[in-house]
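A.B. asks: First to last, the protein sequences are chains A and B.
Using my numbering, you'd call the opening residue of the first sequence number 1 and step up by one each time.
Using my numbering, you'd call the opening residue of the second sequence number 1001 and step up by one each time.
What the hints contain is simulated information worked out from the structure, not anything from laboratory work.
Please note: incorrect hints may appear among the correct ones.
Stated by the list, open to error - When the alpha-carbon atoms are kept at most 20 angstroms apart in a straight line, the in silico DMTMM-like pairs for lysine to aspartate or glutamate are as follows: (1) A/K444 <-> B/D1168; (2) A/K202 <-> A/D183; (3) A/K431 <-> A/D264; (4) A/K86 <-> A/D381; (5) A/K88 <-> A/E75; (6) A/K368 <-> A/D347; (7) A/K78 <-> A/D325; (8) A/K368 <-> A/D381; (9) A/K439 <-> B/E1032; (10) A/K346 <-> A/D134; (11) A/K265 <-> B/E1101; (12) A/K431 <-> B/D1193; (13) A/K287 <-> B/D1168; (14) A/K201 <-> A/D134; (15) B/K1186 <-> B/D1168.
To be verified - Partial list, computed: chain A residues near chain B (C-beta under 10 angstroms): (16) S82; (17) G93; (18) L97; (19) S123; (20) L124; (21) A126; (22) A129; (23) F138; (24) G247; (25) P248; (26) Q278; (27) Q318; (28) S422.
Unchecked claim - Quick partial rundown of chain B residues pointing at chain A, CB under 10 angstroms, derived from the structure: (29) F1067; (30) H1076; (31) L1132; (32) Q1133; (33) G1192; (34) F1196; (35) G1218; (36) G1236; (37) V1237; (38) W1238; (39) P1279; (40) H1281.
Beta carbons: idealized from backbone N, C-alpha and C, even for Gly.
Listed below, chain by chain, are the residues.
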Amino acid sequence: MRSSSTSSRLLAATALVAALGLTLAACGGGSDKSGGKSTDGKTAGANSLSGQTITYWASNQGTSLDADKATLTTELNKFTASTGIKVKLEVIGWADLLNRILAAATSGQGPDVLNIGNTWSASLQATGALMPWDDAAFGTIGGKDRFAAAAIASAGAAGQDPAAVPLYSMAYGLYYNKKMFADAGIANPPTTWAELVADGKKLTTGGHYGLAVEGANGAENIHHIFVLAKQRGASWFDDKGAPTFTGPQQVAAVKQYVDFIASDKIAAKGNAEYVQNQTITDFATGKAAMMMWQSAAPAIASHGMKPGDYGVVPVPTQTAGATGDAGVTSMVAGINMAIFKDTKHKDAAEAFVKFMTSTDEQKTLNGKYGSIPPVTEAQSDPAFQTPDLKVLASVLSKSAAPLPQVANESQFENLVGPAVKSLFADAAAGKPVTDDSVKAALTKAQQQMPAS
Amino acid sequence: MTATAPPRRAPEAGPSSGKSAAGRRLRPRIVERLRQGGLPYLLLLPAVLAELLIHIVPMFFGILISFKNLTLFYIHHWNSAPWAGFDNYKAAVKIHQPIGEALLHSFWVTLSYTLLSVALSWLLGSAAAILLQDKFRGRGLIRTLFLVPYALPAYAALITWTFMFQQDTGLVNHVLHDQLHLTSSKSFWLIGDNSFWAMVIVSVWKSWPFAFLALMAGLQNIPRELYEAAAMDGAGVWQQIRKITMPSLRPVNQVIVLVLFLWTFNDFNTPFVMFGQNPPHQADLISIHIYQSSFINWNFGSGSAMSVLLLLFLLVVTAIYLLVTSRGRSENDV
């Protein structure tokens, strides 16, 4: 009896462990019902787009998912009124969007149209899940020439048809608090990193800091070290797409960024754990005098800081007036719009992309989100002539470079971003951050990169 | 203490079934057998089907994928991903290579986290259950309060803990540093070395009410007479706990420790909500490590191989645990 009960228990335990274990194996692998394939409306004619329903996954651009839903629904109603095509909208938070897209790519059960972060373009392009935008496809939305060249360059790997179409563009600028600068006797915002550090030290006093950085945010870390390496003429991938994380310029770029906390001490140690846009809060509440951020006006306003209280200039360079790679001050930030390759409503999807990238809609949507229209014709609208957006538009057209458009870009973000976070943690804990420790962290990240 | 069920008897046909005996004889034997023995299986069928669909089939595919080179280049046509043989497993177990080394580190972090969390949860649960065994005014209220962490939605509670652990404005530093002056400067809890301890604290807070609840139920089954007899023989409180309470709770403890171990070892919510998808090195639990391999680095073959290895490890640990604890109990029973 005992051996029988023991074996029963073993069997039951085996089943239990298997059930728990497979939860991991199956984690996230399920298809998403809410993103299911849309179906033709019953009233649709055989060859008419009117009456079709398409599904659109929008990224979170505004203050909340609900706010985005309200904003977009107003615009989508216009589209439905003019074309008869219905749009089933789902706004998805950034934490979930990539997983949802991966699940859709795996199962083939996805939306018809979707937003993607433009840095994901090449990686998602490599999956083959997105419709390539060849000349014929671009023809349906008015041609490739309508879009800013830098924005198109951030829509897929070089030499291939873009995987998506630019929808919203953004660029980094240096935001500075005018009153804090005046109080510290600083006449002009910095144009070089040496000036920024010197100004930052003057501004770091009495619980206030010169600069705020989002130290635990892997994506933010990547955007800044990309620029700092670029200014040294270095890239994070070679021409063949192989990682080059451990070069001296890359090490120097990371160290310069981490040193804002480690040795310059112009950013608060607590910044090392910032991951939920606390940087903007610190800037808008006067805790930090400067921050490097992309299209931050709406977020700053939401904290009660008035547009006249701060200024925006391009992010500093190593030497004043630098040009070419040394003069790069921002990555090309933005959101692209893609069509899912498995869509059964390609024409309706293209009609929707055409609507969203029309000059009028570009003015409306980018105006609401504080971003810059990648459609050049829309940029002249008065809404984008505010002092801060003029600076950011200038950065985008003159001194912004796209992040490496290689298939393994997402792995770069997910290995190097946390490595920089870890170095910030060391700096905050008072541990030394040296060339060697930076190189060791980058070497470890590079060793875990998949073969390209 | 073993409850014995009465022997099962086949249902007897009632005299007023309304059908003739000849008719019954004509019935195929298989139908008769089904009537007698098949009903339980029929009732179990929906659960078995659900189990197959929700657990067994995904597990099968997980094992299949672990033998494939399923990277981002193939996820849209994952059937056509090339076979990788044991390459994914080799990469995971080569502990001197970056991937294997990272997995081994994650394994040790997870094991330490699990052992600490289970031990502390059990200790707290046992102590609270025993202390609340005797009736006193307000006992019901305290029992309810103790169960609150178990009843709260995990995400809401974990987000609150994350706020409390923030370096600048968190409640923990406010109490430890600002009020009690126990630390020279405000500590970091969400990055660096302390992140491991922050995670353990939250895990214990989350898990111990389960141990408390199960042990409280177990204590109800111990007859009061045993304690009274022991007290008359001069046994003190500690002796009563050691000689009566603990041996009587042995079967309950066996299950609690096993279940808590499995839950904690597979814990995903705690590190994910506290640290996001890239936890600090010191808090790199294996569940999130596998998630990163699969969903962040887009290498589902490698992630699946790690999942299978984790499954095998847990199976072995469980089997050994049950064998050892069963043997101990058998010897005690003799």
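A.B. asks: Among all the numbered hints in the text so far, which are the ones the structure does not match?
C.D. replies: Result: hints 1, 4, 6, 7, 9, 11, 14, 16, 17, 18, 23, 24, 25, 27, 29, 31, 32, 34, 35, 36, 37 and 38 break, sorted rising.
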